[in-house]
Amino acid sequence: MAHVSALIASDIERYLESHEHKGLLRFITCGSVDDGKSTLIGRMLYEAKMLYEDQLAALEADSRKFGTQGGDLDFALLLDGLNAEREQGITIDVAYRFFSTDKRNFIVADTPGHEQYTRNMVTGASTADVAVILIDARKGVLIQTRRHSYLVSLIGIRKVVLAINKLDMVGYSQEVFDRIEAEYRAFAKQIGLDDIVCIPLSALKGDNVTAPSANTRWYHGPTLMGYLETVVVEDRALDSPFRMPVQWVNRPDLDFRGFSGRVVGGSVRRGDRIRALPSGKESTVARIVTKDGNLDQAVAGQSITLTLNDEIDISRGDLIATADSPPGIADQFEAALIWMSEDEMFPGRPYLLKIGAKTVGVTIATPKYKVNVNTLEHLAAKTLHLNEIGMCNLNLDQTIAFDPYAENRDTGGFILIDRLTNNTIGAGLLHFALRRSQNIHWQAIEVNKRAHAALNGHKPCVVWFTGFSGSGKSTIANIAEKKLHALGRHTYLLDGDNVRHGLNKDLGFTEADRVENIRRVAEVARLMADAGLIVLVSFISPFRAERRLARDLVQEGEFCEVFVDTPLNVAEQRDTKGLYKKARRGDLKNFTGIDSPYEPPEHAEVRIDTVTTAPDDAAELIIGHLRETGILDPS
Amino acid sequence: MIPLTHLERLEAESIDIMREAVSESERPVMLYSIGKDSSVMLHIAMKAFFPSRPPFPLLHVDTTWKFREMIEFRGKMIRQLGLDLIVHINPEALAMGINPFTHGSAVHTDIWKTQGLKQALDKHGFDAAFGGARRDEEKSRAKERIFSFRSTQHRWDPKLQRPELWRLYNARKNKGESMRVFPLSNWTELDIWQYIHREQIPIVPLYFSKERPVVERDGALIMVDDERMPLAPGEQPMMRKVRFRTLGCYPLTGAVESEADTLIAIIQEMLLARTSERQGRVIDHDSTGSMEKKKQEGYF
Numbered sequence: 004m005a006h007v008s009a010l011i012a013s014d015i016e017r018y019l020e021s022h023e024h025k026g027l028l029r030f031i032t033c034g035s036v037d038d039g040k041s042t043l044i045g046r047m048l049y050e051a052k053m054l055y056e057d058q059l060a061a062l063e064a065d066s067r068k069f070g071t072q073g074g075d076l077d078f079a080l081l082l083d084g085l086n087a088e089r090e091q092g093i094t095i096d097v098a099y100r101f102f103s104t105d106k107r108n109f110i111v112a113d114t115p116g117h118e119q120y121t122r123n124m125v126t127g128a129s130t131a132d133v134a135v136i137l138i139d140a141r142k143g144v145l146i147q148t149r150r151h152s153y154l155v156s157l158i159g160i161r162k163v164v165l166a167i168n169k170l171d172m173v174g175y176s177q178e179v180f181d182r183i184e185a186e187y188r189a190f191a192k193q194i195g196l197d198d199i200v201c202i203p204l205s206a207l208k209g210d211n212v213t214a215p216s217a218n219t220r221w222y223h224g225p226t227l228m229g230y231l232e233t234v235v236v237e238d239r240a241l242d243s244p245f246r247m248p249v250q251w252v253n254r255p256d257l258d259f260r261g262f263s264g265r266v267v268g269g270s271v272r273r274g275d276r277i278r279a280l281p282s283g284k285e286s287t288v289a290r291i292v293t294k295d296g297n298l299d300q301a302v303a304g305q306s307i308t309l310t311l312n313d314e315i316d317i318s319r320g321d322l323i324a325t326a327d328s329p330p331g332i333a334d335q336f337e338a339a340l341i342w343m344s345e346d347e348m349f350p351g352r353p354y355l356l357k358i359g360a361k362t363v364g365v366t367i368a369t370p371k372y373k374v375n376v377n378t379l380e381h382l383a384a385k386t387l388h389l390n391e392i393g394m395c396n397l398n399l400d401q402t403i404a405f406d407p408y409a410e411n412r413d414t415g416g417f418i419l420i421d422r423l424t425n426n427t428i429g430a431g432l433l434h435f436a437l438r439r440s441q442n443i444h445w446q447a448i449e450v451n452k453r454a455h456a457a458l459n460g461h462k463p464c465v466v467w468f469t470g471f472s473g474s475g476k477s478t479i480a481n482i483a484e485k486k487l488h489a490l491g492r493h494t495y496l497l498d499g500d501n502v503r504h505g506l507n508k509d510l511g512f513t514e515a516d517r518v519e520n521i522r523r524v525a526e527v528a529r530l531m532a533d534a535g536l537i538v539l540v541s542f543i544s545p546f547r548a549e550r551r552l553a554r555d556l557v558q559e560g561e562f563c564e565v566f567v568d569t570p571l572n573v574a575e576q577r578d579t580k581g582l583y584k585k586a587r588r589g590d591l592k593n594f595t596g597i598d599s600p601y602e603p604p605e606h607a608e609v610r611i612d613t614v615t616t617a618p619d620d621a622a623e624l625i626i627g628h629l630r631e632t633g634i635l636d637p638s
Numbered sequence: 262m263i264p265l266t267h268l269e270r271l272e273a274e275s276i277d278i279m280r281e282a283v284s285e286s287e288r289p290v291m292l293y294s295i296g297k298d299s300s301v302m303l304h305i306a307m308k309a310f311f312p313s314r315p316p317f318p319l320l321h322v323d324t325t326w327k328f329r330e331m332i333e334f335r336g337k338m339i340r341q342l343g344l345d346l347i348v349h350i351n352p353e354a355l356a357m358g359i360n361p362f363t364h365g366s367a368v369h370t371d372i373w374k375t376q377g378l379k380q381a382l383d384k385h386g387f388d389a390a391f392g393g394a395r396r397d398e399e400k401s402r403a404k405e406r407i408f409s410f411r412s413t414q415h416r417w418d419p420k421l422q423r424p425e426l427w428r429l430y431n432a433r434k435n436k437g438e439s440m441r442v443f444p445l446s447n448w449t450e451l452d453i454w455q456y457i458h459r460e461q462i463p464i465v466p467l468y469f470s471k472e473r474p475v476v477e478r479d480g481a482l483i484m485v486d487d488e489r490m491p492l493a494p495g496e497q498p499m500m501r502k503v504r505f506r507t508l509g510c511y512p513l514t515g516a517v518e519s520e521a522d523t524l525i526a527i528i529q530e531m532l533l534a535r536t537s538e539r540q541g542r543v544i545d546h547d548s549t550g551s552m553e554k555k556k557q558e559g560y561f
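Protein chains in written order, with my numbering: chain A, 4 to 638; chain B, 262 to 561.
These are computed hints drawn from the structure, not numbers from a lab. Every clue listed holds true.
When the alpha-carbon atoms are kept at most 27 Å apart in a straight line, the in silico DSS-like pairs for lysine-lysine are as follows:
| id | chain 1 | residue 1 | chain 2 | residue 2 |
| --- | --- | --- | --- | --- |
| 1 | B | K337 | A | K294 |
| 2 | B | K308 | A | K25 |
| 3 | A | K208 | A | K68 |
| 4 | B | K327 | B | K337 |
| 5 | A | K371 | A | K385 |
| 6 | B | K434 | B | K384 |
| 7 | B | K308 | A | K294 |
| 8 | B | K420 | A | K68 |
| 9 | A | K508 | A | K584 |
| 10 | A | K294 | A | K25 |
If we strip away everything but chain B, and leave its shape as in the complex, we get (with noise of 0.2 Å):
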């Protein structure tokens, strides 16, 4: 008998968890941040619940500060696989015009995210919510649980984390709390980008390499994705052949200079690299733990 590749055993390690947290859940929801990990998250729910069509709805956090590229690529996918998207845009936060410019990305996340995403899980009555997060990204998550308890206030308390052993999940859970959901938890970046290699998924083209206009801020390079990006008196945006590591906001979103324009050649990038994927990101760096403190407060 031939034991299951190291793909396929973490395939059917996430279609598993899916199912379970389908079964166990009275409105569940698949968080769709549109990047590499939703994309591969949602291709795995395709085969899960399969011929039957996922029993969720897609919910996609907008704080109207994605790549153009990404919300295209959003309306594109929706399309093609039928599925029902939910797009929730912070209505306090736009009134209040929230942007990383003039409110700093600390700011900028919190109202736009965490509690964007508050609103809506509240919003439709969501008890469990499935996120691409995986442990190896960053230490906080390296402690999370695959089914991680939330109060009614959203909060993630880590020293009250129920144990997860062998492949039995506690979903159970009063009214009014809810669960976070991660199915690709034991994956690694580098198992992400060979599946999405093995199973030809479709990815938002920003991740290929490409010439951009950009702007340098604060050493990292920032795509002038549209007119709402000031430029100082007299600064030009410069085209560079730039892609992403990772997709978020485009003013907090760091880009790197590369030629990898093909699948195998950003994978041969990644394994050569010298920094990690979050280097891109901005919202790690306000201080040490930050990761964990957001978490807390209800980020993903």
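Bound conformation, chain A alone (with noise of 0.2 Å):
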């Protein structure tokens, strides 16, 4: 960077000293493709004395080599850095940019502004204290408009610039410009956005970006420069309740244990009563330890240590709080959610979801809505798609400890996690605990499943069949149901068309519907096994999510799944029930294997290969296995 201040030449340790207490300010600017976004952000960099000789020499070079402005120095290619957004002119992902003036710091996420990129989006709102949505003065107030300023809202940022870009095309008109403020301003009203700034910029010629522009002489508000350096940011974090998850167990030797975090709500001092989170125990603080030295005091934002004065059970991912005004606990919640991910949300499928330190099993229920974000419209939904906002509610596996999103960003914003790519799928922001999750406890039952499993005089196990249409799962497990019967061991038998037509026959065929189906399905072969059962499932269930699903669902040991390997040509031969010819018309969708992926097993507990080993066997093979695992024996 180079930097201006005259300071610095006669002294330098006054401007460090003052660069010191200089505060950060961090925003977005969204805008659509044509904007001018990347111009006006390398045109702030430049107009800050940002760029050094040799990044101006490599856009100079650029210019002439890739630009848009005739051999005109074009700033956006100072930030489309990475060559694939150079070959198609447009930004794919969010950057995060850094410059400095006298007064404050600054760290601008620049992203893209065309539909498929609105994660993008969310993402780089979610750090941001202000946003900067740019348009285009002869388009005026555009559809991506709406959503920029949506999510924005969404997100919680209150503070918007309206930045009207492009003025010098219409003439640096003001009735244009006061036109589109007009219309901004009511559209944003209706959204609870009211705390906005609207300045009239041309960022190509650099009208009001520093400097007032003798253009836009009937203009007396501030230049976009000079909003962002004075715009005052409260630190919501600072004056809310104290908080604190817990990352880390600090444990040196046996004389030391000390709980290390974050602060992200309000401030804690030594004596402080707290309560750790979901278990609820109290104890006070004992020290606030830092490598520099132990403090009275710490406030949000900083990462500190805390000892307490009790020995209370705390780990990872529990939260500690003032014990004068706690957070809530639940685990079922209602949340609007931000779908990230290419492929569908699917109510029911396990999911992670990750809040402040903690990681828990999530159900999602079916969509209550979603919103139109051009229109802002409620919609009837069964899923949500990528870039789609919904209403839903949350079903976790564990309590947790939270606040609402509108009180508690750290405590109440959390992402969603796939089980198997670990990939970020969505993020979600907690509106309210529900009700029920406070009303409905799980019933104690004195006879158990130890004492189902002594009198039927054998473990309980979950025996789950996964293969093609045709591979023989049924075929196999019925001879299986019939030689453990023989046993005298106490069976059932779980059949894919037959619970079809019954608990599940509402369901159709679409990946939605097949979770569900698997949902379900497991769900009643949990309780058979509760009640000492041997199940027999014989499903196809091709999602390797639904399968661990089911594995999760009962004990380690209790769950064994048999890979029915049929090869699709050879189930397709085999085309038992006519299904394959039906699907390979186009008559019967999402088949599995013809237009509907089958994701077969990694770690079954038996595979059986059915061009070379007969149902009998195959039979035998399963109850080996069964025998082996001392299912069949009594307990």
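Two independent chains are provided; combine them into the complex using the hints.
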């Protein structure tokens, strides 16, 4: 960075002192592809003298090679960092830029405007204090402008700059400016944005970027840089109740047990009464430890280590909070979700949810509605696709501590993670806990699984058959059940076709319905295993995630996955039910292996090659496995 | 209540990132390149886990072409802090005698550094590696996540990066895959120097100006650090007052003429400078987008 302050040369120590106490402002720029967003940021860096000679030289060379400004400096090229972007002339991801003036340090999240990358905008907005929304003066308020504004408001940014750009192209017309401003303010009010400053700009020519422009004498507001340098952003986290997610339990030796984390709300003092959540146990703060000495007080933003006066059990993922104003705890919520994956959301599929330092299992109910981000209409939805936003109920497999997102971003915002690919597939904002999660308790039953097993004289187990239609699952399951029955073992066979006649007759064959189909069967199998039975489940069950769900529902060692491994062409040749012919004709949609995927098991307990193994031998293989693992013996 | 200063906030964020990475990985390691950014990263690591020691070793991917003073400094720091250091020297590069003079900077960097790093990570089974890269350094860095996912082949795919929201880092991965973690992502060069100044962090003396023997190569001043530097017939190293803005392999690192022999003078010089710090690095200039390409191949 080439810095401008005269102090640098005259009194460097004083300059450093003032620089250290300069505040930081993080802002996001949003605009459509051609609004001149990159040009604006490039212009700001240039005007703030943040470019070095070698960077300028590279820019000049690039402008001649790739530029769109007829050989003039093309500031957009400063920013479009990746080759892939240069070739396509678009920005494909969030980029962070840094600059500083004498008054402030800035981090800009530069995010692309086109529809398929909404997730990037939400990502950039999640850490921003202010949003700069660009409008092309020739085009006015577009659908994209509404979308960007809605996302900004959803994420909780309150301060908005409407940068009405390319004003030079409309002859610096005040009339155009006023019309756009009025239209925008009317719209913004509907979505709760009211702290708005509208600035007439030409990023290309530099009007009102850092200096008031002679071309817009009718405008008396701040320049863009002037606004960004002075806008007051209250740090809401500082004023909220004390919160610290425990990241790491610090145990250098037997005498020291500390809890390391970052304060994400309020402040904490030595002696303060705290509560650990979700356990609810209380203690007081003994010491606030840092390598630079113990502190009397720590505030939001600081990374510290706490020691307590009582030995209470706290582990990674727990939340330490003030006992005076603790957060809620619950395992069912209503939340706004932003879906970020190419794969649609499946209601009922088990995903992971990370909030603070805690990761838990979660299933999502069918959305109550999704939001058309262009019109803000609520629409009925069965699922969410990439870049869609919806309101959903969540069901967690553990209780967590939380605050509503509107009160604390760090204890109310979460991400969703796919269990198999580990990708981040969505983000969400907790609204409130569902009351039923506080009222429905798990009924403790005294005649438990052990008692059932003791009476039966064998252990329970779920034997899960998976494979293509026509692979021989039902045939083998049938024989296995007969053999087990003959051995005096208590069994039940759940067959895909049969269950679809009753329990699941409301479900079709879309991916979402198949997920729900398996979820229900897995739950039924779990109940039957609880009753002490050996449950044979014969379902195509094409997705790993749902088989994983079924496995996770029962105890370790009580699940036996049987992969009936018949190549597709062999199953299709057999075609015992004539379904493949129908599917090939196109009369049967979403048929596994034809137009719907099958994900083979990676670690099945038993794999049966039906080309070389007769059904009777296959059944023996399974019974052999159950015998080896001790299922068939008395517990 | 007094809000944190800019540097306090950056430090707290870096600590947060390190603790999170350590908690979510099985075998973390810190890449230690001996430069100023590594020195800052190491200093913060000592704070992040205090009173425990950082629960990971340091790894230096050595190329045998580093400045001698860097290697001395490395030894001194490790002894002082009592940390474990793994030095990895790519045995194939050693056997082939890879060097910047005969093989050029691209081949040299790829085999010694990129391949060497991958070897070391595989050999020790590290699944999370801290690096000192900053987003303000280079255009492709500006788009990198703080927790950057790498495939089993250590590849970076800029189009398949995980969205990173708020302060929530997704560090989950399958066996064989890994994370590169950049705790200094949001620091600028000035922040780094200012922090070194505030915290009195030791750095390699090469950053300070001194009379050193140099020769001029393609417009860059290259220090003659040992006898392996080939000289043209009749060529004599000249003594010049120079210092280095970044450190790497000595034949690939250009010196700048400077009088700055104190930290404050360095900062002043940097603030008044007309060129960026990476300009002294030969490896960035190979072709447009060269960093992006190297990163995809597994470079840090």
